[in-house]
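J.: Single-letter residue listing:
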Amino acid sequence: MLRLPKFEVATPKSVGEAIALLAEAGPSAVVLAGGTDLLPNLKHELATPELVVSLGAIRELAGIRLADDGTLAIGAMTTLETVASSELVRARAPALAQAASLVAGPQLRTMGTLGGNVLLDTRCQWINQSYFWRSALGFCLKKDGTKCHVVEGGKKCVAAASNDTAPALMTLGASLALEGPSGKRSVALDDFWVADGIYNKKLAHAELLVEVRIPPLPQGHRGAYGKLRERASIDFPLLGIAARLDVGTDQRVAHADVVVTALAAQPRRVKLVAETLRGVPIDEHELAHAENATLETSAFGRAVRSIAELAEKQCHPLPNVPGDADWRQAMVPVFVRRTLLAAARRAGPVHAD
Amino acid sequence: MGVLHLKINGDDLEVAAPGHWTLLEVLRYRLGLTGSKQGCDKGDCGACTVLLDGKPVLACLTLAATVQGRHVTTIEGLLPAHVAAGGKGADPVQDAFDRCGALQCGFCQSGMMLSARALLNRNPQPSDAEIKDALSGNLCRCTGYTQILQAVELAICEAAGRTPTPRSWERASCADSGAASASDSGERSA
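So the sequence lines, in the order shown, correspond to chains A and B.
Start counting the first sequence at 11; every next residue gets the next number (the working numbering).
Start counting the second sequence at 3; every next residue gets the next number (the working numbering).
These are computed hints drawn from the structure, not numbers from a lab.
Note that CB positions come from ideal geometry on N, CA and C, so glycine has one too.
Calculated lysine-lysine pairs in the DSS-like style (CA-CA distance at most 27 Å, straight line):
1. 9(B) to 16(A)
2. 57(B) to 23(A)
3. 23(A) to 212(A)
4. 165(A) to 212(A)
5. 90(B) to 9(B)
6. 44(B) to 134(B)
7. 44(B) to 16(A)
8. 212(A) to 153(A)
9. 134(B) to 57(B)
10. 323(A) to 281(A)
11. 9(B) to 23(A)
12. 166(A) to 323(A)
13. 44(B) to 153(A)
14. 212(A) to 157(A)
15. 57(B) to 44(B)
Computed footprint of chain B on chain A, listed as stretches where at least three residues anywhere in the stretch have a Cβ under 8 Å from a Cβ of chain B:
16. 50-62
17. 108-116
Let the hints inform the model, and build the full structure from the sequences given.
T.: This is how it looks when you write it as structure tokens:
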């Protein structure tokens with residue numbers, strides 16, 4: 011039995027009311043969205059707030075809409091189940107729908123929200139444990155201690171960004187609409203992260219994520235998400251890979267992007283992906299009929315393989331989340347290749363059953 | 003300590019509980035509804051699954067204060083709801099779990115049956131993959147899941163008015179998809 015520490019609960023009805031409550035209470039207040047990550051963390055005494063501000067009753071925060079300029083705007087409290095099953099999201103931002111569909115299991119997707127997943131706290135096998143468990147090791151850098159158990163002598167926390175939807179949104183060029191005591195602002199998701207596992211985001215106290223905005227995407231946009239995990243449901247990613255492939259009317263790649271998560275504190279963009287793939291012809295017939303192995307003799311297949319090699323060189327999984335780090339490293343090129351091919355084929359998500 | 007206004011299994015209830023109590027704690031320790039099980043208590047196992055406005059959620063990760071005014075269905079509510087809707091005896095899902103022996107220790111069973119009930123309410127004729135996906139958030143450490151999947155299939159067949167061929171549910175499927183289950187039955191008899 012894991013009991014929650016004592017706190018009071020507030021259920022504001024508007025964003026303004028929630029911000030006022032948070033600003034007044036100061037650091038002793040935390041925000042509750044779906045609760046699927048916050049409540050286990052509170053049960054593990056990773057935080058002991060006096061006030062929990064639930065956003066569940068704020069209607070304006072949930073919903074998916076298509077703005078006049080083609081921007082897809084998703085309210086922060088929209089559940090992951092809603093995002094995953096939305097025809098609008100599936101058609102316009104397939105990588106996001108796939109990523110949302112692979113978060114945890116059905117109950118947790120019914121409860122968990124897109125905003126909560128984007129703002130998910132970093133995770134590490136040495137921190138997401140009970141107080142008793144952590145105390146036995148003398149705690150760690152992220153909470154109550156001075157030693158890192160992942161990197162010997164490490165002075166910077168390397169707990170892993172484990173939010174499946176963030177890398178997908180980064181390939182989509184998404185931005186976050188934030189609102190706080192000093193007003194509204196918008197920040198590109200690419201510029202939102204900090205390489206610090208203790209707190210990996212540029213989000214001030216009492217500042218709320220209101221909406222996730224995905225700019226209009228070109229006609230030939232394709233995307234997919236691949237996830238490595240211990241079991242086919244429930245688990246956080248051991249590796250998460252989002253791929254984007256925009257195909258022009260000339261049947262050549264116009265733009266491409268690959269973002270990998272569950273490595274360290276922030277999702278990492280694989281460098282040189284767009285440069286390697288731009289202008290490479292896409293043969294739809296070959297994609298539909300060729301086996302993955304024979305694809306590698308085509309120009310597209312060769313480019314995908316070289317991106318898989320680039321990713322392997324650039325990504326270095328640490329022993330911060332469960333699963334052998336060497337195995338996760340070996341899976342980087344495999345999942346990058348599979349996810350890019352799935353994007354090209356308008357298929358996915360990629361995961362092992 | 004505040005007073006919560008909850009709708010549990012169709013009843014409007016007022017119950018006093020501290021703000022930091024989960025729905026699971028209120029169900030078990032205030033209302034005596036111990037059918038919802040306290041397993042891992044941190045969102046891994048699904049034993050505490052209840053239906054919130056008809057959708058499966060984990061009661062161990064839901065603050066009771068945040069579900070006021072919404073409809074909660076626990077395992078204790080399935081039979082009364084079935085009878086109130088004109089049915090006889092237990093909910094067909096419960097009946098099928100009973101007949102298929104889809105349990106051993108029974109700890110996961112409440113959550114399993116509620117996840118299955120939510121699936122069948124949403125989609126009366128799910129595919130095998132949809133059944134597995136709907137139950138993927140509920141862990142069972144005894145049965146190996148086979149009888150659980152058989153029970154859900156039996157409930158689906160009977161609700162559709164299809165009579166499973168004699169003992170066909172033991173082959174993991176019903177009459178009109180019997181061929182797909184041939185290898186299953188082979189493995190079991192080996």
